[in-house]
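Chemist: Sequence:
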Amino acid sequence: MLLLSVYYKEASGFFFRWAVFVTMVFSGFRYDAGNDFFTYQDMIKGTFPYDKLEPISKALIEISSYFGESWVFFLITSIIYIYSVYYFCKELSDRPQFSFFLFCVLPLSFLTSFGYVRQFLAIGFFCIALVHFLYGRKLKFWLFFVLSLMCHYSAIFFLPIFLLYGFLSKRVYPLVVYLIFIGVAFASSGYVLLASKYVGVYGAYIDGERFIDSGRKIGYVVIALFFYFYIFSLKERKKLNVFLLNVYFVFSCAYALLMPFGEYIVRIIYFLFPSAYILFSSTLVSNVKLRLVQSIGVICFGIALYFATLYFATTNGVRDFLTNYSISLFV
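Take the sequence shown: its position 290, counting from 1, is numbered 290 in this note's numbering, and each next residue is one higher.
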């Protein structure tokens, strides 16, 4: 449908919205897909405590409990999150269908949202907040930022991104500057370990029994992608794209810093990854033939990562939390 929306210009919006709708349905009616699926199902059944959840997440659990159906929770969260990404791509990307397709296939995005429902719900609101911020709509920005915070408290860590907008949107800095900061990030991981002693129960994710050693492979891909974006952004003058490049750089540095402590820790900074959906579009070259080759390369790269994500899910030590997908209405 995304291809149809590009090919048939007069019906572009219709096909694009249908593609978004299908994505929502696929996500919303999932069963046994996502590493926390049964935890949320138990919350809805009342057999697992959820009193410490954030206000919006807690309210959605209670609504689903009222109807006695877990799919209500997953459908509502899927609609909000996927529509938010659609809005983000439509408002900021020169090629919104291309950006939305990459959202569907890249890691740390659509498939990953099956597992970290509350956080990706917050990421959705964060994306809308970012759009309003960039367009100078301060009241709407704060509204959606607070909504993001009410879904997952970790959103507060990313308020400095907005406060540093002037610096982050000023220019594409010399390569040596980026290399130094990434090197410092890699070298500073030990300080995170020291800080884990002062963060209470969350320290268990770093050096305790809840630590999982995963996320390194995609971490190296994340950092390599920054240099891809950098190479094709050297002459970038548009403030939006400069800002998103530097936001992605902050994401890369944070990933390098937290990567040794596994996915449960590094997922905190997934809020910043949607900048990649826009950067993949903005860094396409102007030459038509070269742009076609580059676009095909990016699409193949995204599809390869999509199937790699499914493969690594099958090798998970706890359970396969993606390829055992089924439709909740038929279970």
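Be aware that one or more of the hints could be misleading.
Claimed, not checked - Pairs of lysine to any residue residues, derived as SDA-like cross-links and limited to a Cα-Cα distance of at most 25 angstroms, are as follows:
hint, residue 1, residue 2
1, Lys289, Tyr230
2, Lys239, Leu164
3, Lys138, Ile223
4, Lys235, Arg216
5, Lys235, Arg137
6, Lys235, Ile180
7, Lys289, Leu159
8, Lys217, Tyr135
9, Lys90, Phe181
10, Lys239, Ala304
11, Lys170, Leu75
12, Lys217, Phe232
13, Lys45, Tyr87
14, Lys239, Val250
15, Lys52, Trp142
16, Lys289, Leu225
17, Lys58, Gly28
18, Lys138, Val72
19, Lys138, Phe181
20, Lys239, Cys300
21, Lys138, Val105
22, Lys52, Ile63
23, Lys90, Val293
24, Lys235, Lys217
25, Lys238, Pro160
26, Lys45, Ser12
27, Lys238, His132
28, Lys170, Tyr153
29, Lys52, Leu147
30, Lys140, Phe232
31, Lys239, Lys217
32, Lys239, Thr309
33, Lys239, Ala224
34, Lys239, Arg95
35, Lys238, Glu91
36, Lys238, Leu147
Said to hold, decoys possible - Distance ranges between label pairs, derived from CB positions:
hint, residue 1, residue 2, range
37, Ser286, Phe38, 31 to 39 angstroms
38, Tyr311, Arg291, 26 to 34 angstroms
39, Leu292, Ile231, 13 to 21 angstroms
40, Glu69, Leu240, 35 to 43 angstroms
Bear in mind the hints are in silico, worked out from the structure with no lab data behind them. Yeah, the Cβ is synthetic: ideal placement off N, Cα and C, and Gly gets one too.
Chemist: Each hint should be assessed against the structure and marked as holding or not.
Modeler: Results of checking the hints against the structure:
1. Lys289 with Tyr230: holds, 21 angstroms
2. Lys239 with Leu164: holds, 13 angstroms
3. Lys138 with Ile223: violated, 32 angstroms
4. Lys235 with Arg216: violated, 31 angstroms
5. Lys235 with Arg137: violated, 28 angstroms
6. Lys235 with Ile180: Roughly 21 angstroms between the alpha carbons, so the hint for Lys235 and Ile180 holds.
7. Lys289 with Leu159: Roughly 40 angstroms between the alpha carbons, so the hint for Lys289 and Leu159 is violated.
8. Lys217 with Tyr135: Violated, at about 35 angstroms.
9. Lys90 with Phe181: violated, 32 angstroms
10. Lys239 with Ala304: violated, 31 angstroms
11. Lys170 with Leu75: violated, 40 angstroms
12. Lys217 with Phe232: Since the Cα atoms of Lys217 and Phe232 sit roughly 24 angstroms apart, the hinted pair holds (cutoff 25 angstroms).
13. Lys45 with Tyr87: violated, 33 angstroms
14. Lys239 with Val250: Holds, because 16 angstroms separates the two Cα atoms, which is no more than 25 angstroms.
15. Lys52 with Trp142: Satisfied, since the Cα-Cα distance of roughly 24 angstroms is no more than 25 angstroms.
16. Lys289 with Leu225: holds, 22 angstroms
17. Lys58 with Gly28: holds, 18 angstroms
18. Lys138 with Val72: violated, 32 angstroms
19. Lys138 with Phe181: With a Cα-Cα distance of about 31 angstroms, the restraint between Lys138 and Phe181 is violated, given a limit of 25 angstroms.
20. Lys239 with Cys300: Distance ~29 angstroms between Lys239 and Cys300 Cα, so the pair is violated.
21. Lys138 with Val105: Violated - the C-alpha atoms of Val105 and Lys138 are around 32 angstroms apart, more than 25 angstroms.
22. Lys52 with Ile63: Distance ~16 angstroms between Lys52 and Ile63 Cα, so the pair holds.
23. Lys90 with Val293: holds, 23 angstroms
24. Lys235 with Lys217: violated, 30 angstroms
25. Lys238 with Pro160: Status holds; Cα separation ~21 angstroms.
26. Lys45 with Ser12: Violated. Lys45 to Ser12 sits at ~42 angstroms, over the 25 angstroms cutoff.
27. Lys238 with His132: Holds. Lys238 to His132 sits at ~17 angstroms (cutoff 25 angstroms).
28. Lys170 with Tyr153: Violated, at about 29 angstroms.
29. Lys52 with Leu147: holds, 17 angstroms
30. Lys140 with Phe232: violated, 32 angstroms
31. Lys239 with Lys217: violated, 31 angstroms
32. Lys239 with Thr309: Given that 25 angstroms is the threshold and the Cα spacing comes to 33 angstroms, the pair is violated.
33. Lys239 with Ala224: holds, 23 angstroms
34. Lys239 with Arg95: Answer holds: Lys239 to Arg95 is near 17 angstroms, not above 25 angstroms.
35. Lys238 with Glu91: At roughly 15 angstroms apart (the allowed maximum being 25 angstroms), Glu91 and Lys238 satisfy the hint.
36. Lys238 with Leu147: violated, 29 angstroms
37. Ser286 with Phe38: 31 to 39 angstroms: violated, 49 angstroms
38. Tyr311 with Arg291: 26 to 34 angstroms: holds, 30 angstroms
39. Leu292 with Ile231: 13 to 21 angstroms: holds, 19 angstroms
40. Glu69 with Leu240: 35 to 43 angstroms: Cβ of Glu69 to Cβ of Leu240: about 41 angstroms, so the range 35 to 43 angstroms holds.
Checked against the numbered hints above, the structure violates hints 3, 4, 5, 7, 8, 9, 10, 11, 13, 18, 19, 20, 21, 24, 26, 28, 30, 31, 32, 36 and 37; every other hint is satisfied.
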